[in-house]
Amino acid sequence: MAKTAPIQLQVDDDGPLYVAQKKVYPQSVKGTFRRVKWGLMAFCLGVYYLLPFVRWNRGLGAPDQAVLVDLPNSRFYFFFIELWPQEVYYFTGLLIVAALTLFLMNSVGGRIWCGYLCPQTVWTDLFYAVERWVEGDRRERMRKDAARGTMKLQRFAEITLKHSIWLMIAWWTGGAWVLYFNDAPTLVKQLVTFEAPMLAYIWIAILTATTYVLAGFMREQVCVYMCPWPRIQAALTDEWALNVTYKYDRGEKRTSLKKANELRASGEVAGDCIDCYQCVAVCPTGIDIRDGSQLDCIQCGLCIDACDTVMTKIGRETRLIGYDNDLNIQRRQAGKPPIYRIVRPRTIVYSALISVVGAIMLYALMTRSLLDVNVLHDRNPVAVKLSDGSIRNAYTVRLLNKRGFDRVIAIDIDGPVNASVHVVGADSVTPDRPMIVLGRDQTTELRVLVTAPAENNPQKSIAVRFRVTDIGLGEVASATDNFVSP
Amino acid sequence: MAEHNDIDQVTGTSTTGHQWDGIKELNTPLPRWWVITFYITIVWAFGYWMVYPAWPLLTSHTTGMFGYSSRADVAVELANLDKIRGDKMVKLGAAPLAEIEKDPALLALARARGKTVFGDNCAPCHGSGGAGAKGYPNLNDDEWLWGGSLDQILQTIQFGVRSGHAKGHESAMLAFGKEGVLKKDQIVTAANYVRSLSGLATAKGYNAAEGGKIFAENCAACHGDAGKGNQELGAPDLTDKIWLYGSDEAVLIDTITNGRAGVMPAWVERLDPSTVKALAVYVHSLGGGK
Numbered sequence: 010m011a012k013t014a015p016i017q018l019q020v021d022d023d024g025p026l027y028v029a030q031k032k033v034y035p036q037s038v039k040g041t042f043r044r045v046k047w048g049l050m051a052f053c054l055g056v057y058y059l060l061p062f063v064r065w066n067r068g069l070g071a072p073d074q075a076v077l078v079d080l081p082n083s084r085f086y087f088f089f090i091e092l093w094p095q096e097v098y099y100f101t102g103l104l105i106v107a108a109l110t111l112f113l114m115n116s117v118g119g120r121i122w123c124g125y126l127c128p129q130t131v132w133t134d135l136f137y138a139v140e141r142w143v144e145g146d147r148r149e150r151m152r153k154d155a156a157r158g159t160m161k162l163q164r165f166a167e168i169t170l171k172h173s174i175w176l177m178i179a180w181w182t183g184g185a186w187v188l189y190f191n192d193a194p195t196l197v198k199q200l201v202t203f204e205a206p207m208l209a210y211i212w213i214a215i216l217t218a219t220t221y222v223l224a225g226f227m228r229e230q231v232c233v234y235m236c237p238w239p240r241i242q243a244a245l246t247d248e249w250a251l252n253v254t255y256k257y258d259r260g261e262k263r264t265s266l267k268k269a270n271e272l273r274a275s276g277e278v279a280g281d282c283i284d285c286y287q288c289v290a291v292c293p294t295g296i297d298i299r300d301g302s303q304l305d306c307i308q309c310g311l312c313i314d315a316c317d318t319v320m321t322k323i324g325r326e327t328r329l330i331g332y333d334n335d336l337n338i339q340r341r342q343a344g345k346p347p348i349y350r351i352v353r354p355r356t357i358v359y360s361a362l363i364s365v366v367g368a369i370m371l372y373a374l375m376t377r378s379l380l381d382v383n384v385l386h387d388r389n390p391v392a393v394k395l396s397d398g399s400i401r402n403a404y405t406v407r408l409l410n411k412r413g414f415d416r417v418i419a420i421d422i423d424g425p426v427n428a429s430v431h432v433v434g435a436d437s438v439t440p441d442r443p444m445i446v447l448g449r450d451q452t453t454e455l456r457v458l459v460t461a462p463a464e465n466n467p468q469k470s471i472a473v474r475f476r477v478t479d480i481g482l483g484e485v486a487s488a489t490d491n492f493v494s495p
Numbered sequence: 005m006a007e008h009n010d011i012d013q014v015t016g017t018s019t020t021g022h023q024w025d026g027i028k029e030l031n032t033p034l035p036r037w038w039v040i041t042f043y044i045t046i047v048w049a050f051g052y053w054m055v056y057p058a059w060p061l062l063t064s065h066t067t068g069m070f071g072y073s074s075r076a077d078v079a080v081e082l083a084n085l086d087k088i089r090g091d092k093m094v095k096l097g098a099a100p101l102a103e104i105e106k107d108p109a110l111l112a113l114a115r116a117r118g119k120t121v122f123g124d125n126c127a128p129c130h131g132s133g134g135a136g137a138k139g140y141p142n143l144n145d146d147e148w149l150w151g152g153s154l155d156q157i158l159q160t161i162q163f164g165v166r167s168g169h170a171k172g173h174e175s176a177m178l179a180f181g182k183e184g185v186l187k188k189d190q191i192v193t194a195a196n197y198v199r200s201l202s203g204l205a206t207a208k209g210y211n212a213a214e215g216g217k218i219f220a221e222n223c224a225a226c227h228g229d230a231g232k233g234n235q236e237l238g239a240p241d242l243t244d245k246i247w248l249y250g251s252d253e254a255v256l257i258d259t260i261t262n263g264r265a266g267v268m269p270a271w272v273e274r275l276d277p278s279t280v281k282a283l284a285v286y287v288h289s290l291g292g293g294k
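Sequences listed follow chains A and B, in order.
Each step along the first sequence adds one to the number in my numbering, with nothing skipped, and position 92 is 101.
Each step along the second sequence adds one to the number in my numbering, with nothing skipped, and position 118 is 122.
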């Protein structure tokens, strides 16, 4: 780290207590990775800002928003999927897949998430773009900040403009967030006419504040000090993972272009790195990639673009900085060709795990029942003897109709011989086969009585199965409980 | 520490000057914003103390600037709940008793409300699920002393049994032995006769004809000639499998000797009409309702 500027410590008599945030002035850069980053930024922000407005027809009475978290009614809608609160395990599965995908990305190409997709990176990148557009590029911004004492009206206007745009973006970010929890067009209308619920305004305010502070001020501090992922990533990476790497085998010894030419002309060795500091200038976390793989590096690839630009200009081979690993550097130093092993046990295991968890989730989702039944046996009394000696057990039966329309179901039981079944509050049209209307998209709770004639008293606890059949669709659900004798 | 201006050769960072077996500790100070945030939380805590109840005093506590208390919050929420419940209970009170079980929403409300009220008021005697106990009827079965229709259940809950309320159920089982109506051997015979009504075994040397005669002269007035009982008088059916006090010979002898006069309070004075109604529906829906 000898080449980086030393950390500025606030020193008092007892030594440094804290270190001041070193403001980073990333310089604009053009190149492959910058283009990829612009593209991904546009995609991510586009999805985030526009998704609430996408419509999805679910029939009359159901919300027509493609992605909606309906908290009052405890429903989550995602295009063709509607999830009930007891199905949150799908999110658990999704989080497991997400974590494994993160591991896989990491073992293939390092911190792809951090560098290209993480919201902190995307919004910070956007805020930097605004800053650059209003205040100018790296040098200009540094100069203007240095001349803070003699602020002119124009500078004041610039700063005001920058913060106004930042706040507007932040406000849109918070605004888009609440749209996921309510019918978007309705809420937008309510928001502009100041008729939206207080909660919406509060959440917009909170997310406006976090976006403004995190993307405008905290920036790389979030990655370096607040985020756990750099620490985890360091523990997960291996010698084969491709990380943004300065190829010191090619770059060292750093020598100016002129001197290098002289050295080479005289048959001596000179590195390709001309020590131009362009990689440092463009870095959004303000580090020097040439110090090697480090916690502060989010691996956004912008230093690759910067270096490539310089290398092209001076007519040297590009990718002095590129996706590579130490192993290959050492191989090249030893005169061997580099090897790249994207397919290796680690990536195979991660991919397999992702496939397995994904397949399980998909299977569960495809085969999930839209009619469900839960049975809870009465605890007190567990069994009742009737005047004619027959035995009756009472159950709380909960029926779930996850379809968007009402339907009629019949309840049958397999239990004690000749047992009869009765639903409290329902008149059986067919004796011993109660039929119930289940309202659409809701739960119906019934009190069900099962009676075994005295002569068929099982004398012990036996299993009883409740079979629920949709009369129209033929869908069947069942649940098993016990029939107890006193 | 100022004297330790020791710079680590590899990283270029200063060290704290501490050494362990020659290994030095790098001085990596916290970021300034972190330290500032830490101080802000301390300041925030002071604000918290002032705004909210915080410090215990000898006999009370500091109340905070705005007199906030979470207990007051609960009181407000409970009042709101009562208000919401009030509207619904009015609807329940207005509905005819027979209609409640046919309306799923009303039934659910009546059962929910009934269950709570049952737990608070009825469970001590009848058990939390209405399973009853010796002398306290099981409300889940189909044997009813005073009738198991909705109206009859409602009436019993409202006015009670031997409760002292003018409209309460009154008649009681006579203490045939204590009052000297029947002699001891007659009581034993009667007890065995009663057992025979529901097919239970009778004692050795028991005279069935004598039993029938005693029953006809003393018991049939209330329990009926065939022992089928009479809900007008609260006389239980003696021919079925359900026994309020027990079917053993000794228990029956005790019953006939000392009589039975269980008491149930009149709830009309303690609970409001719609709550009593909910309770009646709940008891009826336990399973035994006629």
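Read the hints as simulated data drawn from the structure, not as lab findings.
Be aware that one or more of the hints could be misleading.
Computed, partial: chain B to chain A, Cβ under 10 Å [unchecked claim]:
| no. | residue |
| --- | --- |
| 1 | Trp-24 |
| 2 | Thr-32 |
| 3 | Ile-40 |
| 4 | Ile-104 |
| 5 | Pro-108 |
| 6 | Gln-156 |
Restricting the straight-line Cα-Cα distance to at most 27 Å, the calculated cross-link-like pairs of lysine-lysine (DSSO-like) are [said to hold, decoys possible]:
| no. | chain 1 | residue 1 | chain 2 | residue 2 |
| --- | --- | --- | --- | --- |
| 7 | B | Lys-106 | A | Lys-411 |
| 8 | A | Lys-469 | B | Lys-106 |
| 9 | A | Lys-39 | A | Lys-411 |
| 10 | A | Lys-39 | A | Lys-171 |
What the simulated footprint calls covered on chain B by chain A, stretch by stretch (three residues with Cβ under 8 Å from a Cβ of chain A suffice, anywhere in the stretch; the number is not a length) [said to hold, decoys possible]:
| no. | segment |
| --- | --- |
| 11 | 43-49 |
| 12 | 226-235 |
| 13 | 242-249 |
Glycine included, every Cβ here is placed at the ideal spot set by N, Cα and C.
Is the shortest C-beta separation between Trp-24/B and chain A less than 10 Å? violated (18 Å)
Tell me if the straight-line CA distance from Lys-39/A to Lys-171/A falls inside 27 Å. Given that 27 Å is the threshold and the Cα spacing comes to 23 Å, the pair holds.
Take the C-alpha atoms of Lys-469/A and Lys-106/B, compute the straight-line distance between them, and say whether it is at most 27 Å. Violated, at roughly 35 Å.
Under 8 Å between beta-carbons, do enough residues of the segment 43-49 of chain B, three at least, approach chain A for the coverage claim to hold? Coverage by chain A is violated here, the residue count being 0 at a Cβ distance below 8 Å.
Holds or violated: is the Cβ of Ile-40/B closer than 10 Å to a Cβ in chain A? Hint holds; Ile-40/B Cβ to chain A Cβ min 8 Å, cut 10 Å.
Within 8 Å of chain A (C-beta), three or more residues of the segment 242-249 of chain B: Coverage by chain A holds here, the residue count being 3 at a Cβ distance below 8 Å.
Take the C-alpha atoms of Lys-106/B and Lys-411/A, compute the straight-line distance between them, and say whether it is at most 27 Å. holds (24 Å)
When the nearest CB of chain A is found for Ile-104/B, is that gap smaller than 10 Å? Nearest chain A Cβ about 9 Å off; hint holds.
A closest beta-carbon separation below 10 Å is what the hint needs, so does Gln-156/B meet it against chain A? violated (16 Å)
Are the Cα atoms of Lys-39/A and Lys-411/A separated by 27 Å or less? Distance ~52 Å between Lys-39/A and Lys-411/A Cα, so the pair is violated.
Cut-off 10 Å, beta-carbon criterion: hint that Thr-32/B touches chain A: holds (8 Å)
Regarding the hint that Pro-108/B lies at the interface with chain A, is the smallest CB-CB distance below 10 Å? holds (7 Å)
Of the numbered hints given earlier, the model fails hints 1, 6, 8, 9, 11 and 12; all others are met.
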